Amino acid sequence: MSLSAQYLWVIPALPLVAAAIGALTPRSGRSLVAGAAIVALALSFFISCAALSTALANPAAHLTHNFTWFELGNDTVRLGWLLDPLTAFMCTMVTFVGTLIFIFSLGYMHEDENFKQFFCFLSLFAAAMLGLLVANSLLLLFICWELVGLASYLLIGFWFHKPSAAAAAKKAFITTRIGDLGFLLGLLWLYDSAGSLLLYDNGNGVLEATALGALGSAATVCGLSVASAIGLLLFCGAVGKSGQFPLHVWLPDAMEGPTPVSALIHAATMVAAGVFLMARVYPLLTPDALQVIAIIGAITALLGATIAVAQYDLKRILAFSTVSQLGYMMLAIGVGAPSAAIFHLLTHAFFKALLFLGAGSVIHAAHHEQDIRQLGGLSVKMKLTFATFAIGTMALVGVPLFFSGFWSKEAILHAAHATAGSHFPFYAALVGVVLTAFYNTRLIAETFFGHGRSHAAEHAHENSAVMTTPLVILAFFAIALGFLGTPVYPWLQARLSGETAVHGHSLLDGVGLLVLSSGLVALGIGAGFALYGRTLRLRTKATAPDPLAIAAPRTHAFLGDRLKFDELYAATFGVVNTFLATASDWFDRSVWGGIVHFLALLGEFSGTVNREADEQGLNAGFDATSEKLRASGQAYSRAQTGDAHGYLRFLAVGFVVLALVAILGGGA
Amino acid sequence: MSLDPLPLCLLFSSALFCLGLIGALARSNTILVLLGIELMLNAANLNFIAFWRYGPVTSPATGVMFVIFSIAVAAAEAAVGLALIIAVYRHQKNIRLQEANRLKG
Amino acid sequence: MTAALVLIAVFTLATAAVALSLRNLIHSALLLIASWFGIAAFYLWAGAEFVAFAQVLVYVGAVSMVVLFAVLLTRRSRADTVIAPDSVARAISAVITGIAVFGVLGAAILNTSFARLSPAGVPPLPSGTGVSPVISAPTATVRDIGMQLMSTHAAALLIIGILLTVALLGAVVLAAQDGPESKQESP
Numbered sequence: 000m001s002l003s004a005q006y007l008w009v010i011p012a013l014p015l016v017a018a019a020i021g022a023l024t025p026r027s028g029r030s031l032v033a034g035a036a037i038v039a040l041a042l043s044f045f046i047s048c049a050a051l052s053t054a055l056a057n058p059a060a061h062l063t064h065n066f067t068w069f070e071l072g073n074d075t076v077r078l079g080w081l082l083d084p085l086t087a088f089m090c091t092m093v094t095f096v097g098t099l100i101f102i103f104s105l106g107y108m109h110e111d112e113n114f115k116q117f118f119c120f121l122s123l124f125a126a127a128m129l130g131l132l133v134a135n136s137l138l139l140l141f142i143c144w145e146l147v148g149l150a151s152y153l154l155i156g157f158w159f160h161k162p163s164a165a166a167a168a169k170k171a172f173i174t175t176r177i178g179d180l181g182f183l184l185g186l187l188w189l190y191d192s193a194g195s196l197l198l199y200d201n202g203n204g205v206l207e208a209t210a211l212g213a214l215g216s217a218a219t220v221c222g223l224s225v226a227s228a229i230g231l232l233l234f235c236g237a238v239g240k241s242g243q244f245p246l247h248v249w250l251p252d253a254m255e256g257p258t259p260v261s262a263l264i265h266a267a268t269m270v271a272a273g274v275f276l277m278a279r280v281y282p283l284l285t286p287d288a289l290q291v292i293a294i295i296g297a298i299t300a301l302l303g304a305t306i307a308v309a310q311y312d313l314k315r316i317l318a319f320s321t322v323s324q325l326g327y328m329m330l331a332i333g334v335g336a337p338s339a340a341i342f343h344l345l346t347h348a349f350f351k352a353l354l355f356l357g358a359g360s361v362i363h364a365a366h367h368e369q370d371i372r373q374l375g376g377l378s379v380k381m382k383l384t385f386a387t388f389a390i391g392t393m394a395l396v397g398v399p400l401f402f403s404g405f406w407s408k409e410a411i412l413h414a415a416h417a418t419a420g421s422h423f424p425f426y427a428a429l430v431g432v433v434l435t436a437f438y439n440t441r442l443i444a445e446t447f448f449g450h451g452r453s454h455a456a457e458h459a460h461e462n463s464a465v466m467t468t469p470l471v472i473l474a475f476f477a478i479a480l481g482f483l484g485t486p487v488y489p490w491l492q493a494r495l496s497g498e499t500a501v502h503g504h505s506l507l508d509g510v511g512l513l514v515l516s517s518g519l520v521a522l523g524i525g526a527g528f529a530l531y532g533r534t535l536r537l538r539t540k541a542t543a544p545d546p547l548a549i550a551a552p553r554t555h556a557f558l559g560d561r562l563k564f565d566e567l568y569a570a571t572f573g574v575v576n577t578f579l580a581t582a583s584d585w586f587d588r589s590v591w592g593g594i595v596h597f598l599a600l601l602g603e604f605s606g607t608v609n610r611e612a613d614e615q616g617l618n619a620g621f622d623a624t625s626e627k628l629r630a631s632g633q634a635y636s637r638a639q640t641g642d643a644h645g646y647l648r649f650l651a652v653g654f655v656v657l658a659l660v661a662i663l664g665g666g667a
Numbered sequence: 000m001s002l003d004p005l006p007l008c009l010l011f012s013s014a015l016f017c018l019g020l021i022g023a024l025a026r027s028n029t030i031l032v033l034l035g036i037e038l039m040l041n042a043a044n045l046n047f048i049a050f051w052r053y054g055p056v057t058s059p060a061t062g063v064m065f066v067i068f069s070i071a072v073a074a075a076e077a078a079v080g081l082a083l084i085i086a087v088y089r090h091q092k093n094i095r096l097q098e099a100n101r102l103k104g
Numbered sequence: 000m001t002a003a004l005v006l007i008a009v010f011t012l013a014t015a016a017v018a019l020s021l022r023n024l025i026h027s028a029l030l031l032i033a034s035w036f037g038i039a040a041f042y043l044w045a046g047a048e049f050v051a052f053a054q055v056l057v058y059v060g061a062v063s064m065v066v067l068f069a070v071l072l073t074r075r076s077r078a079d080t081v082i083a084p085d086s087v088a089r090a091i092s093a094v095i096t097g098i099a100v101f102g103v104l105g106a107a108i109l110n111t112s113f114a115r116l117s118p119a120g121v122p123p124l125p126s127g128t129g130v131s132p133v134i135s136a137p138t139a140t141v142r143d144i145g146m147q148l149m150s151t152h153a154a155a156l157l158i159i160g161i162l163l164t165v166a167l168l169g170a171v172v173l174a175a176q177d178g179p180e181s182k183q184e185s186p
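Chains as they are written, first to last, in numbering that gives the first Met the number 0: chain A, 0 to 667; chain B, 0 to 104; chain C, 0 to 186.
Simulated from the structure, these hints should not be mistaken for laboratory data.
The model shown is predicted, which means the values in this text are computed figures rather than measured ones.
Using N, Cα and C, we set each Cβ at its ideal position, and we do this for glycine too.
Treat the hints loosely; a few may be bogus.
Said to hold, decoys possible - For each label pair, taking beta carbons as the anchor points, the in silico distance ranges come out as: (1) R26(A) to N100(B): 24 to 32 Å; (2) L156(C) to I173(A): 55 to 63 Å; (3) S589(A) to E98(B): 47 to 55 Å; (4) L187(A) to L163(C): 40 to 48 Å; (5) I98(C) to L187(A): 48 to 56 Å; (6) I91(C) to E70(A): 46 to 54 Å.
Claimed, not checked - Think about it this way: if two alpha-carbon atoms lie no more than 25 Å apart in a straight line, the pair counts; the simulated DMTMM-like pairs of lysine to aspartate or glutamate are: (7) K103(B) to D85(C); (8) K161(A) to D312(A); (9) K380(A) to E110(A); (10) K92(B) to E48(C); (11) K169(A) to E112(A); (12) K170(A) to D287(A); (13) K103(B) to E76(B); (14) K169(A) to D370(A); (15) K92(B) to D642(A); (16) K170(A) to E457(A); (17) K627(A) to D613(A); (18) K103(B) to E626(A); (19) K161(A) to D191(A); (20) K103(B) to E110(A); (21) K382(A) to D312(A).
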């Protein structure tokens with residue numbers, strides 16, 4: 000199978016058509032809309048497979064198809080499609096995971112009255128994401144980027160009658176907008192200095208040698224080369240979308256949406272967009288920019304894992320783990336290993352989708368109970384969910400050898416170790432590994448082992464096949480995908496960097512790091528078990544305090560409040576804003592108010608002078624005249640019938656009559 | 000009938016103008032009357048563009064200039080007109096144009 | 000070329016006619032948006048891209064919204080967007096007036112020889128051949144328009160700016176509620 004880049008638009012177009020069908024179908028057409036959405040995305044998946052085989056046949060090539068969108072004056076705005084291994088891998092992953100999530104939603108959203116809209120929004124989301132992936136123009140990419148933001152707003156706020164969901168949707172939208180502003184500025188600057196926004200264009204694209212050379216030689220601004228500044232501005236967009244520090248605050252709140260949405264946002268689409276963007280524009284990034292990206296990524300990785308330790312909401316824990324894993328990906332890009340980042344992105348997409356859908360399965364079974372203090376003992380009641388969830392967790396933690404997360408995280412650690420720049424990201428990543436293992440052990444222990452700590456947990460039961468089948472499929476890939484990129488045979492990384500040959504090396508080359516990270520994982524799991532696993536039997540009520548809260552109460556409370564980031568932002572940006580408003584108010588009242596007051600006094604004075612003159616001198620003579628005017632005015636006012644239609648009709652008929660007079664009379 | 004583009008454009012614009020006129024005369028809802036007047040204004044703009052495109056050359060952008068200013072004025076007119084409609088509605092609780100005649104002589 | 004013009008004209012006129020004859024105000028407003036799109040298509044056809052974009056922005060984007068708001072603000076209940084039928088007599092008189100105006104305008108157009116007006120250097124148009132003659136269209140790039148706005152028409156641009164500001168303030172003043180707040184303060 001092969002696919003020309005010319006027809007690449009079909010991949011996003013199919014879900015878009017499904018979204019249109021969803022928008023135009025009446026509310027009763029539930030099965031039609033859901034069917035259209037799933038079939039469209041499945042078809043996109045098959046086309047993506049064709050695209051993948053085309054791209055893999057010649058991994059170094061960037062197949063493009065560009066066309067002119069419109070011309071404005073002398074500027075031509077061109078868009079295009081791009082097919083290379085990065086696009087193809089991402090498209091295949093998004094469509095595959097997306098299809099499974101759609102199928103899962105059939106079961107999860109079955110009782111929702113807005114079922115139809117849900118599938119409509121989901122399709123729109125998928126279409127926007129796929130459009131972002133196949134775009135060969137940063138402008139088109141930006142358009143789809145914003146569409147993804149819009150669709151995520153609609154989906155996070157899907158249960159908009161809950162105030163928290165509405166607030167979360169707003170927060171996600173506004174927070175990502177902050178980043179998008181940087182992205183837009185970067186785009187404009189790039190267009191200004193490179194003269195094009197096409198990525199690849201037969202040697203003229205911004206990612207090709209000519210433009211890169213021109214950018215490299217451009218002047219510096221405040222000690223920062225133009226190329227670095229542009230790269231950092233583009234990174235701002237990625238920071239917003241991918242929930243990087245300091246704009247990560249929206250991501251955990253996005254959990255207010257339905258769980259399949261969380262799976263879609265956190266696994267396959269929205270958050271992946273930022274990492275994808277960085278991998279896409281990687282040739283543009285200078286060492287300075289990369290250094291910043293690596294450090295931001297490392298901070299995010301550490302921060303997410305730390306906060307996740309003290310959360311109680313099942314989905315919130317997963318959300319913070321996403322923040323931390325995204326940090327790993329950014330870190331990988333920062334240390335110069337975009338292929339490792341994408342490898343981790345792909346494996347993460349599968350195991351995080353698995354975890355979210357598993358969480359959805361638990362929540363659905365436990366009557367929408369998401370607090371892990373209320374859960375417990377589910378391993379017996381929901382065997383299939385437990386087994387798949389455990390596989391997902393082990394992949395996330397990076398349990399050695401048999402799980403995909405291990406190999407992709409290994410690739411990142413390797414790159415971070417080998418980097419020429421600062422080694423801070425490497426150490427941060429190592430600490431992150433321990434924390435990840437720790438909080439995941441806690442999650443599994445609290446949710447699935449021990450006693451059921453509430454009514455809901457005691458009466459939970461396994462879900463129908465429509466919800467468990469996607470779990471099994473995803474679990475299979477959460478294991479299998481890792482073997483595409485092991486150090487022995489790094490096929491995936493080689494293809495992503497455009498090589499046909501695969502240069503593997505023996506596991507023994509990096510054995511020190513392998514053993515170290517395995518040891519750290521074991522340490523984390525051990526610590527988690529020691530704190531949580533052993534005390535499970537003793538805790539039978541939801542009110543029992545968390546063991547970590549007993550051990551270190553203040554730290555725990557601080558972490559539980561998510562390091563007070565929301566409060567910090569409220570206390571800084573909020574206060575500055577209020578201060579500025581107060582200052583402006585004062586300025587308005589005293590300075591401008593004073594001037595206006597003075598002018599008013601001046602006016603009053605001259606008015607007084609005038610009135611005196613009037614009353615003394617001018618009055619009498621005018622009275623008679625005005626009496627006459629009033630009489631004639633009354634006569635004329637009869638013509639004012641108050642009938643607006645009449646005036647207009649009079650005008651039109653008058654025009655016709657005058658024209659006829661002119662034509663018949665004057666034309667002779 | 001001639002098939003030259005200029006007379007066709009002019010016929011098109013006069014047809015639109017008369018449609019707007021009929022709408023403005025026939026309907027009693029003030030919003031629709033206002034929209035009819037908007038259509039008449041648009042028809043006038045069509046004439047500017049038609050003569051700019053097919054008429055004698057004067058300055059390369061004159062017709063376009065006219066239309067741009069005309070659109071700006073039309074926007075102002077629509078804003079004030081609709082605000083007036085809302086004000087009228089608040090006074091007489093409907094927007095039938097023939098009842099808005101309290102200022103008649 | 001001519002076929003496209005006829006199509007655009009038919010589309011615009013048909014949507015405008017239906018819009019002005021419907022009883023549901025929301026439908027009328029939506030159809031008028033379609034009609035304004037038709038006019039924008041005409042501008043594109045005539046090569047005035049900038050005007051077409053302005054038309055879409057101002058009419059399809061802004062005026063349509065104001066109209067919809069006006070419709071929604073001036074109804075008493077949810078079902079109130081359908082208005083009562085208008086008087087037939089006035090409709091007939093309106094149509095007669097409209098046809099009379101169109102008759103005069105159309106006669107004037109058809110009886111005028113436009114050959115005199117054709118651009119300099121182009122021979123008079125062979126009429127009735129069925130093939131639209133190629134006329135070198137005047138081009139107005141965005142740059143040209145911008146230059147002219149800032150030079151020849153700078154005064155007009157300023158005046159338009161003032162007009163728009165005044166219109167905006169006036170609209171606010173007209174539409175603003177002046178009832179409840181002042182009433183609450185007076186006792």
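Sort out which numbered hints this structure fails and list those numbers smallest first.
1, 2, 4, 10, 12, 16, 19, 20
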